[in-house]
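Asker: Residue numbers (the working numbering), protein chains in the order written: chain A, 1 to 756; chain B, 1 to 286.
Check the hints yourself; a few may be wrong.
Said to hold, decoys possible - Computed, partial: chain B to chain A, Cβ under 7 angstroms:
1) F181
2) A205
3) K257
4) G259
5) V267
Think of the hints as simulated: they come from the structure by calculation, not from any bench. No residue lacks a Cβ here, since even glycine has one placed at the ideal position from N, Cα and C.
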Amino acid sequence: MTAGFDPRYVKRDFASIGTRPLRPDGIDKVTGRARYGADFNMAGQLVGRVLRSPHAHARIRSIDTSKAEQLAGVKAVITAADLPDLTDGDAAMYDILDNCMARGKALYDGHAVAAVAAVDARTAKQALKLIAVEYEILPHVTDVDEAMMASAPVINDGVFTDGVEPKPAKPSNVAKRSQFGHGDVDAGFGQAEVIVERSFRTEQTHQGYIEPHACVASVSADGMADLWVCTQGHFVYRQHCAQLLGLEASKLRVTSSEIGGGFGGKTHVWAEPVALALSRKAGRPVKLVMTRDEVFRASGPTSATSIDVRIGARRDGTITAAEATLRYSGGAYSGAWAELGAMTAFACYGLENVRTVGFDVLVNRPKCAAYRAPSAPMAAFAVESVVDELAGRIGMNAVDFRIRNAAREGTRSSYGPVYGPIGIGPTLEAVKMHPQMQAPLKKNQGRGMACGFWFNFGGQTCSDLNIGMDGSVSLAVGTVDVGGSRASLSLVAAEELGIDYSQVRAVVADTSSLGYNDMTDGSRGTFSSSMATISAARNAIRIMRERAAQMWDIPVDEVGWEMGHAVALGEKNGNLGRLSLKEIAAASGKTGGPIAGHSELVADGAGVSFATHICDVEVDPETGATRVLRYAVVQDAGKAVHPTYVEGQYQGGAAQGIGWALNEEYIYGRDGRLQNAGFLDYRIPVCSDLPMIDTQILEIPNPNHPYGVRGVGETSIVPPLAAIANAVSNAVGVRMTHIPMSPPRILAALEAERAG
Amino acid sequence: MRYLRPLSMEDAIGMITNSAGTVAVLAGGSDLLVRMKGGFVEPDLIVDIKAIEGLSEIRETAEGFSIGAAVPCAVLGEHAALRKAWPGVVEAANLIGSKQVQGRCTIAGNLCNASPAADSVPALVAAGAKALVAGPKGNRTVPVEAIPTGPGKTSLAKGEIVREILLEKRPPRAGDAYLRFIPRTEMDIAVVSAGVNLTLDAKGAVTSARVALGAVAPTVVLVEEAAGILVGSRLDDATLEKLAKACSDACRPIDDKRGTIAFRRKVAGVLARRAAAAAYARAGGK
Chain A
1 MTAGFDPRYV
11 KRDFASIGTR
21 PLRPDGIDKV
31 TGRARYGADF
41 NMAGQLVGRV
51 LRSPHAHARI
61 RSIDTSKAEQ
71 LAGVKAVITA
81 ADLPDLTDGD
91 AAMYDILDNC
101 MARGKALYDG
111 HAVAAVAAVD
121 ARTAKQALKL
131 IAVEYEILPH
141 VTDVDEAMMA
151 SAPVINDGVF
161 TDGVEPKPAK
171 PSNVAKRSQF
181 GHGDVDAGFG
191 QAEVIVERSF
201 RTEQTHQGYI
211 EPHACVASVS
221 ADGMADLWVC
231 TQGHFVYRQH
241 CAQLLGLEAS
251 KLRVTSSEIG
261 GGFGGKTHVW
271 AEPVALALSR
281 KAGRPVKLVM
291 TRDEVFRASG
301 PTSATSIDVR
311 IGARRDGTIT
321 AAEATLRYSG
331 GAYSGAWAEL
341 GAMTAFACYG
351 LENVRTVGFD
361 VLVNRPKCAA
371 YRAPSAPMAA
381 FAVESVVDEL
391 AGRIGMNAVD
401 FRIRNAAREG
411 TRSSYGPVYG
421 PIGIGPTLEA
431 VKMHPQMQAP
441 LKKNQGRGMA
451 CGFWFNFGGQ
461 TCSDLNIGMD
471 GSVSLAVGTV
481 DVGGSRASLS
491 LVAAEELGID
501 YSQVRAVVAD
511 TSSLGYNDMT
521 DGSRGTFSSS
531 MATISAARNA
541 IRIMRERAAQ
551 MWDIPVDEVG
561 WEMGHAVALG
571 EKNGNLGRLS
581 LKEIAAASGK
591 TGGPIAGHSE
601 LVADGAGVSF
611 ATHICDVEVD
621 PETGATRVLR
631 YAVVQDAGKA
641 VHPTYVEGQY
651 QGGAAQGIGW
661 ALNEEYIYGR
671 DGRLQNAGFL
681 DYRIPVCSDL
691 PMIDTQILEI
701 PNPNHPYGVR
711 GVGETSIVPP
721 LAAIANAVSN
731 AVGVRMTHIP
741 MSPPRILAAL
751 EAERAG
Chain B
1 MRYLRPLSME
11 DAIGMITNSA
21 GTVAVLAGGS
31 DLLVRMKGGF
41 VEPDLIVDIK
51 AIEGLSEIRE
61 TAEGFSIGAA
71 VPCAVLGEHA
81 ALRKAWPGVV
91 EAANLIGSKQ
101 VQGRCTIAGN
111 LCNASPAADS
121 VPALVAAGAK
131 ALVAGPKGNR
141 TVPVEAIPTG
151 PGKTSLAKGE
161 IVREILLEKR
171 PPRAGDAYLR
181 FIPRTEMDIA
191 VVSAGVNLTL
201 DAKGAVTSAR
211 VALGAVAPTV
221 VLVEEAAGIL
231 VGSRLDDATL
241 EKLAKACSDA
251 CRPIDDKRGT
261 IAFRRKVAGV
271 LARRAAAAAY
281 ARAGGK
């Protein structure tokens, strides 16, 4: 933490915070001038292409690259042999390395096995066809429940279930067992008058960012390297790439491009170490852009799940016990996705007796990546479905039942910590009063609601704030602008300095220009970087007060700072008036040189976040088609820095949740190959599929941030699966337990119900 | 890969017959270019027919309408007389892809791409449309359903090009309609579809009917039995139920990533029933 910086919330009136100025990156984005990952070019650059396994699980007997190497125009061909293992026992890094380029075994359809760099795309494509890979096809498993069976093929002989005592003697596909909770669950169920128990499934989805992974890598003969890349965290990419390639971090400069969506999917390296290895071998820059097919087959996705939930309550509406068993697929590598599901499942409620058990499971699918509040939406779907059903069985209104059991300040959460001031209760109260709750429903229409939780994260942040000679302000931040942070951070700088938003320009600086920054994940971008910006601005103000003191020739403690001006304090200084930031900046050459404020800190205390959503749907009972009629998001933002962006985050999460709930899914054939690796058959919603999504921002200040800010990016995707499932179930009169609720699934459920 | 843009049909046919390798005919390109980009096809020769005289025109003749093979679907939607005469065909053509795609794609291309899920084909089959085929041996006219023979396969010989799609002049009290099922609202491919074309007598009884189903078999299914059920009726509920059942029974669908056998069977009947009701209303039936 920067010395002397106090991050605690102080109630105040704001001048800039909470206003809605135009975004600084808007014009370039709508005119096509903004540079995304694939828009960077270098003289002499080569085209990189990756050869991928067509098999779900296969031993690689041999790879013959000689013919490809002989093709005119091919400058480098690499395999795992060109990426030697430098991970030094770091299992997580080894998995990343293996995922970037298969070592010995291909573990999923789409797993990279070799790569080429050639003078043009045509030659590169031709070269891939000349690489001869001899595979020994192995039995595969792509289903999470099947992968847990004793008869399932074991994907990694080195995986022995973590978290069980004693450690298993035999390897299996269960990487980890995790457990959370407190109280006496069995006794709790003993007190229950009504118990609902159900099993649920959710299929695997992709983040669906419009911009594919893209980078340009350049490794020079002297060991200096540059990487231009679309990423959520260029500092993290630098660490990972440097470690995997044996480079010194400081010699690898990573510059992040504009980002066409990430949602967690651009927090992991895939193509970048490959591009660097190709460049190193070819001695020329290499551009590597994934096709959409590759994005689906080899990047992302999130887990498929199988979840059992059991909740018991007394007839007065008090939950007496709750438990869940959650199985999450992590792709072909160990993960902690089920653990996150187990932590978040019951986080909305204050429960005396609660237990969740998570199983992280390996399957022959791509290595899972974070996806916006990773793992929480599926757990919320299962839990909130049962909560709804339980409320119905007791005969209580679904909102009132939740209000009765909601967590509040001082509640011990189901995953351990005791909550500070939180927003679940207020979001529920707001939903109860929301006009949508009164909108009349016609035949075949149904309403559902659900709650969601996300932890939020803070982490390491480093920012520079420079005062120009003309008094304008440059802000250099190290967190990639995924959701509008440049606008928000400019507002924060303007607020703190007491100047206008238009005088601030924020940029995302490269890895050689700032200290380490964690990536933009965990809804931390605006939370942590605004804290660093406040701290940097306060440091700059301290310097400007010193300069003003010098200009006035009075002690610095007699100089204050108000509304963008140094003010001389005390009656004896009454004739000194004020010095504007601009005047102080203009004089800086004579008072000690450039003025800047720096900040390096760990942003602790990211406030947990809660949301409640309402969804109205209409289901065609003859086709199973669902149309979302109305949708409302109510979420706690702590303090909305730029409310338009906050609303955008709320709407975006709901939109992604609608796609996930209704149509999006990875479809694998019996051969273990992905059948719908494209946007035609992997159906994300189009504009006309969505209603205008209504938003309501609640502001319950986070005590650990000077302005009360909480992260807002992720929580909005947690309730939708459940809210929509509750709405559909209410519309058709059958409890839907399998996501996505695609038309064939809904129609099959209705036909089964009709058949009795 | 070579790209040629002939100005006459004779030249186009000559280029194709004289070519040794694989040839692709390019009209709107909304299927071909996507398939090329995806690496599924790499033709040695592409013959673009858009510059051939007459192929970008819709002509209204004494016999009906002649639609050139290079007329984009969006243009069909702007042709008032065609829209009035054949609303089902036009609505099918205007469901393909997105607005942007409709500015390029053609119904002749949709037919020759021979996808079982093609949107305009069931509507054309229901409409009794014909294809005028030009080739090295001259012109021939065939029912449109004779062109696709299976997924991606056609009956066209080497050098043959569909030059025009022909639609008959409408008698009074006639109407057609097309409906498809997609999980989204637009920009998608039919999971199942139905085109219905009806003519009524003065009292509103059906005198002729054609019912065609898409995406439930390797090629469009013309359900003769369904037509038999409709003729003579005034589309009462019992008739519509019988129609739905006949259509469900006529399906020979597969399970795939877009839908299940059970789903396609059931929804084929539902859509046929709904399309018949729409066509009946358009024909002036009450």
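Asker: Does each hint hold? Answer for all of them.
Answerer: Evaluated hints:
The criterion of a C-beta within 7 angstroms of any C-beta in chain A is met by F181 of chain B, whose closest approach is roughly 6 angstroms, and the hint holds. Hint status for A205 of chain B: violated, given a least beta-carbon distance of 26 angstroms to chain A, over 7 angstroms. Given hint, K257 of chain B at the interface with chain A, holds; its Cβ is 5 angstroms from that chain's nearest Cβ, closer than 7 angstroms. Among the interface hints, the one on G259 of chain B holds; its C-beta lies about 5 angstroms from the nearest C-beta in chain A, closer than the 7 angstroms criterion.
Against a cut-off of 7 angstroms between C-beta atoms, the interface hint on V267 of chain B holds, since the closest Cβ of chain A lies about 5 angstroms away.
Checked against the numbered hints given earlier, this structure breaks only hint 2.
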